[in-house]
Amino acid sequence: MPSTLTIPAGATSATFDVATTRVAVTTDIAITAQAGGVTQTASLRLRIDPAGLRPSTNYTIGFSGLRDNRAAVSTYSESGFTVSAVSPEWVGITTFGNPGPFLQFSASGGTVTGEVRISSGGAPFWFRSFDVYSSVTRIPYVVEGSLSAEPAFTQLEVLGNTFGNFVRVSSRTPDLPVDAVLIRLSNPAPTTFSGTNPMGIDNIVLNR
Amino acid sequence: MGAPLRLCPVVLLVVISICAVACGDDTPTAPTPQTAALSQLSLTPATVNAGTPSEGLVILTGPAPATGAAVRISSSDGVAVVPTSVMVPAGAASASFTITTRLVAADTTATISALLSADKRDALLRVMAPIPRPPTLQALEIEPATVKGGQFTVGTIRLTGPAITTIYVTLRSSSMLVTLPSCVVSTTLVPSCVPVQGGTSTATFTITTRPVTLDTVFDVVATLGDEVRAGQIRLTP
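Protein chains in written order, with numbering that gives the first Met the number 0: chain A, 0 to 207; chain B, 0 to 236.
Note that these hints are calculated values from the structure, not bench results.
Backbone N, C-alpha and C fix where the C-beta goes; we use that ideal spot for every residue, glycine too.
Mixed in with the good hints there might be a few duds.
Label pairs and their computed distance ranges (CB to CB) [stated by the list, open to error]:
#1 B:Ala45 <-> A:Gly159: 22 to 32 angstroms
#2 A:Gly51 <-> B:Gly197: 43 to 53 angstroms
#3 A:Thr38 <-> B:Thr51: 52 to 62 angstroms
#4 B:Gly198 <-> A:Gly108: 48 to 58 angstroms
#5 B:Thr97 <-> A:Pro54: 54 to 64 angstroms
#6 B:Leu123 <-> A:Ala32: 43 to 53 angstroms
Computed from the model, here is a short list of chain A residues facing chain B with C-beta under 10 angstroms [said to hold, decoys possible]:
#7 Asp27
#8 Val135
#9 Ile138
#10 Pro139
#11 Val157
#12 Asn160
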């Protein structure tokens, strides 16, 4: 990018090129112009170019680092990936899992949405599968993948009641690179149900 | 000439206080500003498809003060995303805000709350998931609606869409002057019932009537889940 730009006499504008390079993570850059004591700024987002990206190594987030049973979990990191609780309150369960520990949230008296976000510091990765569990209900879920904040894929399904067992959900688009994945579970706790219905995830398989 | 009035400080203080309240004062004073309270919270629409927005509207009991009124907004469920607050501009009595909804795989109801000082108002936002839904009962038609007692008439059940598998619609009548059809469901005879076959959205059935000596009007009622539709029959002698 040129450091200065000349606007020809009688003109009110001029253009210039901004050369960019490939980036490993989505990068926002501020371009600033200054003239006559006035400063104007525009932002430029450099997106990850998916061309040429290839999956390499599988990683499984098994939540083995969770030690305290029923302790609230807002963020959890493993193998360079971060799982962030978006909503509502997720807890680590060490006494159950596939195998334990795993990440769980509960609902009572109606459908409650539980959501986690998976990222790798902005670097691209590939979503392969995750294991999901509900105690006594069917399992409606949505998985959304994005790359540089642009939607990459959406996977929506309602799984039947697994009666407390984990079931594996595999990606239908495992070859699409992403830099963020949202797993959104709907916990349809019956309104007539006196207790709470736990629902949770384990073994998130990713590739990077 | 009497002795000069002497008041102890305590008494004087009391007199002053009483005057301030009750003695009156001709000097005009600025009215005490009335703080506008939160009156209503409404959502339009109150039911949305997951991923589409709704608009919230907060209404105050009067104009907001010169500094505006910041109304705190919250959502009970992550399916509905709301701004943390909405500002009612000075002099205005309402303000709107956008509620974005997330794609979910199950119908979810979120409680949207507005809070201004101690005033709290709630409204329900129903977020509908993009999942297949069984059709519901749209109409019950009876044709002809007037028949001579002892003759037949025909009822038609209409659903909102094709049934995925056979759906059984329950019938009943407020009169003993008609005989309604029965269904066989898994080898069990179910009285007053009409099947709508999978892949179709309508079904017809015959209503048998009995002779009457006077004009008689009554209803036939069809029920499918929470949906109820009624049709009227007039029997003539």
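Quiz item: If you check each hint against the structure, which ones fail?
Solution: 3, 4, 5, 7, 8 and 12
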